[in-house]
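Novice: As a plain string of letters, each chain reads:
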Amino acid sequence: MDQKKLAIIATKGSLDWAYPPFILASTAAALGYDTQIFFTFYGLQLLKKKLDLKVTPLGNPGMPMPGGMEKFMPVLVTALPFMEGIMTGMMKAKMKAKGVASIEELRELCQEAEVKLIACQMTVDLFDMNPSQFIDGIEFAGAAAFFEFAGESDICLYI
Amino acid sequence: MADFDQELDASGLNCPLPILRAKKTLNAMSAGQVLHVIATDPGSVKDFDAFAKQTGNELMESKEEGGKFHFLIKKS
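Protein sequence lines correspond, in order, to chains A and B. Position 47, counted from 1, in the first sequence is what numbering that gives the first Met the number 0 calls 46; the numbers after and before it change by one each time, with no gaps. Position 53, counted from 1, in the second sequence is what numbering that gives the first Met the number 0 calls 52; the numbers after and before it change by one each time, with no gaps.
Since the hints were made in silico from the structure, they are not lab data. Don't take every hint at face value.
[What the hints assert, rightly or not] Cβ-Cβ distance ranges computed for the label pairs, FRET-style:
hint, chain 1, residue 1, chain 2, residue 2, range
1, A, 120, B, 2, 50 to 58 Å
2, A, 127, B, 57, 17 to 25 Å
3, B, 75, A, 69, 43 to 51 Å
4, A, 125, B, 64, 52 to 60 Å
5, B, 27, A, 157, 40 to 48 Å
6, B, 23, A, 74, 38 to 46 Å
7, B, 8, A, 73, 40 to 48 Å
8, A, 3, B, 23, 14 to 22 Å
9, B, 10, A, 59, 29 to 37 Å
10, A, 125, B, 65, 52 to 60 Å
11, A, 94, B, 2, 34 to 42 Å
12, A, 158, B, 75, 28 to 36 Å
Note that the Cβ used here is the ideal one computed from N, Cα and C, for glycine as well.
Between the sequences and the hints, there should be enough to build the whole structure, so can you do that?
Specialist: Structure follows, in structure tokens:
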């Protein structure tokens, strides 16, 4: 049985967008897939040593809230200064209560499972990011280099 | 419950932790050894089914007992 390949392009840097790439990659790796994640644009936030990911209800009409609040919460309220902080705190607490791993843990599991984490060199230069901000064990490459793997992948996801 | 060589209690852990922990534990075991996994995540039933199919390890038993799910996986 040939080994299947999974390529993920991660472009978002908020807490709610951080889970899918790491969960999909670690699960695929557990199932024997050869997996690589290409982090570009805001996805680079997920590779920082110190993670400070947030989630906001503003612009996220699909985000469930306790008590079904999302059905009638006015958009203006979601823009209030403390809302992002509260929502992020609540999301993290929920994850912990339900036994879902933290992003740091999932990321570590990915690296343990030999999922290749690749940072988009162009984005690093674009946003003047310092390579030392990122965790160890990652590679820096461009889109063309990633396409070598992505072009042969069985599954390629854009997150 | 048949004999097993190692037990992994993944109770309280949700997707994808049960199979990730199982994979890690199985890596350290020898071929032919059996791993007993206990989980509370209902999604783990299908997950372990797929895990066995995809990785070629045999899922010897999969059942629910006392509110928890029990799996016996033999390392191939």
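Novice: All hints are to be evaluated individually against the structure, with a verdict given for each.
Specialist: Each hint tested on the structure:
no., hint, verdict
1, A:120 with B:2: 50 to 58 Å, "holds, 53 Å"
2, A:127 with B:57: 17 to 25 Å, "violated, 53 Å"
3, B:75 with A:69: 43 to 51 Å, "holds, 47 Å"
4, A:125 with B:64: 52 to 60 Å, "holds, 55 Å"
5, B:27 with A:157: 40 to 48 Å, "violated, 35 Å"
6, B:23 with A:74: 38 to 46 Å, "holds, 44 Å"
7, B:8 with A:73: 40 to 48 Å, "holds, 46 Å"
8, A:3 with B:23: 14 to 22 Å, "holds, 20 Å"
9, B:10 with A:59: 29 to 37 Å, "holds, 32 Å"
10, A:125 with B:65: 52 to 60 Å, "holds, 55 Å"
11, A:94 with B:2: 34 to 42 Å, "holds, 36 Å"
12, A:158 with B:75: 28 to 36 Å, "holds, 33 Å"
Comparing the model with each earlier hint shows violations of hints 2 and 5; every other hint is respected.
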